[in-house]
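Engineer: Spelled out from the first residue to the last, the chains are:
2 protein chains.
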Amino acid sequence: MDKKTNSAIGVFDSGIGGLTVVRALMERLPFENIIYFGDTARVPYGIKSVETINHYASQITEFLIKKDVKLLIVACNTMAAVAYQTIKDLSSVPVLEVIDASARIAAKDTRTKSIGVIGTPATINSNAYARAIHLLDAEAKIFSQACPLFVPLVEEGWTDNKVVEMTVKAYLGSLKQSGIDTLILGCTHYPLLKKAIRKYLGSGVRLVDSAEETVKEVVVALKKNRLAKKSGKGIHSFFVSDAPDRFIKVGRRFLGEKVESAVRIER
Amino acid sequence: MDKKTNSAIGVFDSGIGGLTVVRALMERLPFENIIYFGDTARVPYGIKSVETINHYASQITEFLIKKDVKLLIVACNTMAAVAYQTIKDLSSVPVLEVIDASARIAAKDTRTKSIGVIGTPATINSNAYARAIHLLDAEAKIFSQACPLFVPLVEEGWTDNKVVEMTVKAYLGSLKQSGIDTLILGCTHYPLLKKAIRKYLGSGVRLVDSAEETVKEVVVALKKNRLAKKSGKGIHSFFVSDAPDRFIKVGRRFLGEKVESAVRIER
Chain A
0 MDKKTNSAIG VFDSGIGGLT VVRALMERLP FENIIYFGDT ARVPYGIKSV ETINHYASQI
60 TEFLIKKDVK LLIVACNTMA AVAYQTIKDL SSVPVLEVID ASARIAAKDT RTKSIGVIGT
120 PATINSNAYA RAIHLLDAEA KIFSQACPLF VPLVEEGWTD NKVVEMTVKA YLGSLKQSGI
180 DTLILGCTHY PLLKKAIRKY LGSGVRLVDS AEETVKEVVV ALKKNRLAKK SGKGIHSFFV
240 SDAPDRFIKV GRRFLGEKVE SAVRIER
Chain B
0 MDKKTNSAIG VFDSGIGGLT VVRALMERLP FENIIYFGDT ARVPYGIKSV ETINHYASQI
60 TEFLIKKDVK LLIVACNTMA AVAYQTIKDL SSVPVLEVID ASARIAAKDT RTKSIGVIGT
120 PATINSNAYA RAIHLLDAEA KIFSQACPLF VPLVEEGWTD NKVVEMTVKA YLGSLKQSGI
180 DTLILGCTHY PLLKKAIRKY LGSGVRLVDS AEETVKEVVV ALKKNRLAKK SGKGIHSFFV
240 SDAPDRFIKV GRRFLGEKVE SAVRIER
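These protein sequences, in sequence, are chains A and B.
Residue 230 in numbering that gives the first Met the number 0 is what sits at position 231 of the first sequence, and the numbering runs on without skipping anything.
Residue 176 in numbering that gives the first Met the number 0 is what sits at position 177 of the second sequence, and the numbering runs on without skipping anything.
Everything labelled a hint here was simulated from the structure, so no lab data went into it.
Fair warning: there could be bad hints in the mix.
Same chains, same names: a pair is fine if it fits in one copy or spans any two.
No farther apart than 30 angstroms at their CA atoms in a straight line, the calculated lysine-lysine pairs in the DSSO-like style are these [stated by the list, open to error]:
{"hint": "1", "residue 1": "K248", "residue 2": "K175"}
{"hint": "2", "residue 1": "K194", "residue 2": "K257"}
{"hint": "3", "residue 1": "K193", "residue 2": "K257"}
{"hint": "4", "residue 1": "K87", "residue 2": "K215"}
{"hint": "5", "residue 1": "K168", "residue 2": "K87"}
Put together the whole structure using the sequences plus the hints.
Structural biologist: Structure below.
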């Protein structure tokens, strides 16, 4: 087996949301080693400027490349939306990200050609989803909505109470009237709100989970590049920039199992 | 007039909440020059570790001391709660902060000796308010509650809708039953939720606004140290670590008037 095959997949995120991608990776690719970095000392990115997000993304890329990863996954829609090119330019290995995969499945599956996108303010303002979908289908109509309170709600562990229901209604009211048949959950925190969103929008709107779609593309990319690790138990390492306590506690909500430990790196 | 008298008052905050202190300063001390620093590239601090908050607080202190301020105000309860000593050790000028002033007025005015404190998780976990109040009255009973969603709600501009009402009810339900007659709003964002909090708790509970109480102590400290500037229009400068756009936009909610401009400093 090639040395590179045993190298880890590098997953990076502004904080904790990228663990939804790790969860999907663990389920689909149990043999793979994974190194995760969450920038918990500076999270959240979604309300910050393009310049600052690019600066932070460069630092994380350098950290993961030094760990000799074989593939990088930008598991944060905000970074994918505004810093993908920066990350790609710095990276010597293939880079996959959450936006392309979701855009592809949404463009393929919509019948009404009306697609909704929700995300952080930075993701929505970047227009990255609309650009990606229009490359695939110039006629698609895109309806976007920033939902800044969804991340703090999920991190507080509020995913199906009355406050969540009313916040969903406040943010998605116009989208519901727009005739969309597909909604991209354009932030890795949002899959935890699927139940509340589905309840409000009804079963006629398909929810696209960017974590799941990305991992499908990872499977293809590993095969294509002959990088798949095909046996042995995967080793999963977690690195964070703030003290690990909160990451370990909140991480359980995302990963569905305990994050055993996480290592804090120096800023 | 002494050169130092003309020096600015340095106000620092993790982001934008400290502008409630700036607002109270402008009203009470219109002649004073003010230099504000908001760490908008790394905000919020309230969910982060003590070590990280101390590290960031040191950097801000050094920045403001270099600006030759005559007095420092820690206008962020989280920093005051966990990094006050660090800031004081680095500072060559008097340092005032939001916790002491609020603790003093609460201990003085409570009749039931039952005092509520709400703040960010970092502030509440630090127990700083309970310590400060117990130094003044060892018999006081303190009831504390972290309210992590209040900051994102205020920053979204949601201060009196149904979501806010229900979030207030969820966080303050136990406090309401505890017999407190005084509630310290232990975060500079919270005065913007006064109306909703008062509506839920009723007029029998006095709300202590840490911004207002701090500025009363600033007036005393300036007089005592012969540092008051007694004429001329105050000049107000704003420095931030992220791009200034959002700070200027959201700042209006806190300051009640437009932040004309803000300068981004390099990290």
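Engineer: For each hint, tell me whether it holds in the structure or not.
Structural biologist: Outcome of the hint check:
1. Proximity of K248 and K175 under a CA criterion of 30 angstroms is satisfied inter-copy only: 28 angstroms between copies versus 34 angstroms inside one chain copy.
2. In this homomeric assembly, K194 and K257 come within 30 angstroms of each other (Cα to Cα) only inside a single copy, at 22 angstroms, whereas the closest approach across copies is 40 angstroms.
3. In this assembly of identical chains, K193 and K257 lie within 30 angstroms of each other by CA distance solely inside one copy; the values are 21 angstroms within and 39 angstroms between copies.
4. Taking identical chains as interchangeable, the C-alpha atoms of K87 and K215 lie at most 30 angstroms apart only when both belong to the same chain, with a minimum of 20 angstroms there against 53 angstroms between chains.
5. Proximity of K168 and K87 under a CA criterion of 30 angstroms is satisfied in neither setting, with 37 angstroms inside one chain copy and 47 angstroms between copies.
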